[in-house]
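Colleague: Residue numbers (the working numbering), protein chains in the order written: chain L, 3 to 229; chain A, 2 to 516.
Hints were generated in silico from the structure; no laboratory data involved.
C-beta: ideal position from N, C-alpha, C; glycine also.
Hints may be right or wrong, so weigh each one.
[What the hints assert, rightly or not] Pulled a few chain L residues facing chain A out of the computed Cβ check, cut under 7 Å:
1) S85
2) L114
3) G192
4) Q203
5) H217
[Said to hold, decoys possible] Cross-link-like lysine-lysine pairs, in silico, BS3-like; alpha carbons within 27 Å at most:
6) K207(L) <-> K194(A)
7) K262(A) <-> K179(L)
8) K274(A) <-> K194(A)
9) K107(L) <-> K379(A)
[As the list claims (entries may be wrong)] Per label pair, the in silico range of CB-to-CB distance:
10) K366(A) <-> R119(L): 16 to 26 Å
11) E191(L) <-> Q322(A): 34 to 44 Å
12) E191(L) <-> N321(A): 52 to 62 Å
13) L283(A) <-> R9(L): 56 to 66 Å
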Amino acid sequence: MTAKGIRVLIIDDEPQIRRMLRVALTAHGYETGEAQCGEAGLQQAALFRPDLIILDLGLPDLDGIHVVQALREWTAVPILVLSVRSHEQDKIKALDAGADDYLTKPFGMGELLARIRAALRHAAGSTDDPVLQFDDLIIDLAHRMVTVAEKEVKLTPIEWDILKALAVHGGKVLTHKQLLNTVWGPGYEGEMHYLRVYVGQLRRKVEINPAQPSHIITEPGVGYRLL
Amino acid sequence: MFFLDRRYLPYFWGVLGLLLLTVCTRLLGPFLGEVNIALLFLLPVLFTAVKWGRRVSVVIAILASLSFDFFLILPYGSLSIWDMRYLVSFLMFLIVAWLTGTMSQRLGNQVKEIQEREARMAALNTFSQKIAFTTDLDSVLQTLVKKIAEILDGEVVVLLSDDENHALKVMAGTLSHIGHQEYEAAIWVFHHKQAAGRGTNHLREVQGLYLPLSTEQGVIGVMGVCFNHPGDNDYQEYLHLLDAFSNLTSLAVVRIRLWEKAQETHLLQESEKLYAALLNSLSHDLHTPLASIIGAVTGLMEGEELYSPGAKKELFQTINQESQRMNRLVNNLLEMTRLEGGIVKVRKELCDLEDIIGVAVGRMKDLLANRVVSIKVKPGLALVPVDFVLMEQVLVNLIENAVKYSEPGNKISLFACSGDEWAEVSVANQGKELPNDVLEKVFDKFYRMDSLGRVGGSGLGLAICKGIVEAHGGKIWARNNPNEGVTITFHIPLNEHSPQKLIERNCRKDEVAKT
């Protein structure tokens, strides 16, 4: 998927961050717009009509969560939030409010671009494809089949549900709450230990080196993602 | 019996003496002469005066002259005095008895008084020596007040002034009648620097006697005394005593306050030293990576065309690595500040240790590029109630430490297992061993092994590990491996109420030390 013409709106009060993002994204073929604060950001979202929004949670005028909520009232445009370390609760709140993914400052450009691509892919609705591939991990949604390095792997129903939920999200992060809700249902949102146990089991079946997973990635304090 | 009663014993002896004397003089009369006999009769009078005082000696004097008259003056056996000279002798006897008796009594009283005073002073002296080494102001004042009250038989109160607003506060003791008037008197004394109260020239209506506690720096407070039996006392005499007491109190207060100030200054100096050390360390650790970054970047900016692609790549790598290093330092500083400030909130959730190790190793991937990494997790490892992000920080710091103190190509092993009450994680590295006395000190803030050469880093990493592990109720320690290198291990309790004892060796079947 080329980035030609895809519009990205950058909402951040730090001029250096805006510059860095603008230069890098432009070099990769994206078209960029900028806003220095929350209010301007909301306006630009309507005027610039971006395909993706990068939103810093530490804005001076509005709470980042409010911006996400305000945006979600009228648009489903993918939103990536930027936050600092140890503000996990903010990230979770933003994700629950409707943000698609997050990045922790300082982040690497490769990480950023990967998450932008994942968010755009998801938005474009490419989940119609029943077979999802993540390097050597192939998930066939139609036939409920998982192969790793061309060998079939047998999963329990719950393990399948977890893998499917992550796969369908295509590289975007899922919070613990979202996962528990999807797999076990509402009311299980506090049962973290279920997740831990099943993810551990899943890794042992699906990862070449379960201790250093390359597919099912833990996002500390936030949730999991499938790469 | 009448004459064996204590009070009448002197009389008995006096009379006995007189009788003896009378008999002797009657017998020896002719050899002695009348003058000498008269003089001899003075002896019992003098003796009783000196020994028993005025009253007894007067009685004996009367009896002596009667006896003298009766037995030794013509006509014998009668009490008539037909020579006026003997009347004079009689008067003389009486006067001698009276004067000597009075003087000796007074002397006796004075001696008794001096002895009493000496006894009190000796008690005071021992007491003041005892409190000379106490450094708690409250307890010293309490003891002082109690002792003085005992010696003086009254109630004592000590009021000291607050440094800032000079308000008087009761620091020790109570005056049961300390009403508003008494307090006013104390304030008066404080400001006028003179004694006041009962028995003095000022504020006589007040119940207690108030003395200023003065020092070289001025009046620091007031001591108040309220005697239990106000009538009996000679205030003038007690004023000397009270002076001594108030001096003792002032000295004690001044001494303790000086000592406290010295302690404060000492602590301030120590914390300043630590602060200076911290600043030095930080300055170095922040400026060094920045030097590399700025150097590399400006180099690329000013003469990009001069560098080959390989050279450029190297400079970029430098910028990246040093920036990551600074990022880790900043994280450590923040964590340390949080730990110090007590604002670390440990959000415990049941976590998978293998997961945490995996995330930490992933994050440190670049730094571990030149090391051989081995991860061994015991199957069936229990979920552990920890804060994921904090525990990840612990492992990141332990890995950074292991890399720092090992050589390229060395092996770094991570190990996790759990028992009934504890979960255990170890990080082991090959390389130099630590001297035994250092094994504990490495967890101190800013401790760095300078003897091994400066390896960079702020010395905070292990201190943070310790802070976080202990905030989880766990323990962390370092030991030297049997072969070479160091292993750092920590325990995390599996439930809230685990007793704080070390897990048995059952957890460590495959020694991590086999590096």
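Colleague: Give a verdict on every hint.
Modeller: Here's how the hints hold up against the structure:
For S85(L), the shortest C-beta to C-beta distance to chain A is roughly 13 Å, which exceeds 7 Å, and the interface hint is violated. Nearest Cβ of chain A to the Cβ of L114(L): about 15 Å, over the 7 Å cut. The hint is violated. Hint status for G192(L): violated, given a least beta-carbon distance of 10 Å to chain A, over 7 Å. Hint status for Q203(L): violated, given a least beta-carbon distance of 10 Å to chain A, over 7 Å.
Interface hint at H217(L): violated, since its Cβ lies 12 Å from the closest Cβ of chain A, which is beyond the 7 Å cut-off. Only pairs whose Cα atoms come within 27 Å are accepted, and K207(L) paired with K194(A) is rejected, the gap being roughly 90 Å. For the suggested pair K262(A) and K179(L), the alpha carbons sit about 56 Å apart, so the restraint of at most 27 Å is broken. A distance of roughly 43 Å separates the Cα atoms of K274(A) and K194(A); the hinted pair therefore is violated under the 27 Å criterion.
Between K107(L) and K379(A) the CA atoms are separated by roughly 34 Å; this puts the pair beyond 27 Å, and the hint is violated. A hinted range of 16 to 26 Å holds for the C-beta pair K366(A) and R119(L), which are about 22 Å apart. Distance hint check for E191(L) and Q322(A): the Cβ-Cβ separation is about 40 Å, which falls inside the suggested range of 34 to 44 Å. Roughly 39 Å separates the CB atoms of E191(L) and N321(A), a value that falls outside the hinted 52 to 62 Å.
Separation of L283(A) from R9(L) is about 43 Å and departs from the stated range, judged on CB atoms against 56 to 66 Å.
The structure shown violates the earlier hints numbered 1, 2, 3, 4, 5, 6, 7, 8, 9, 12, 13.
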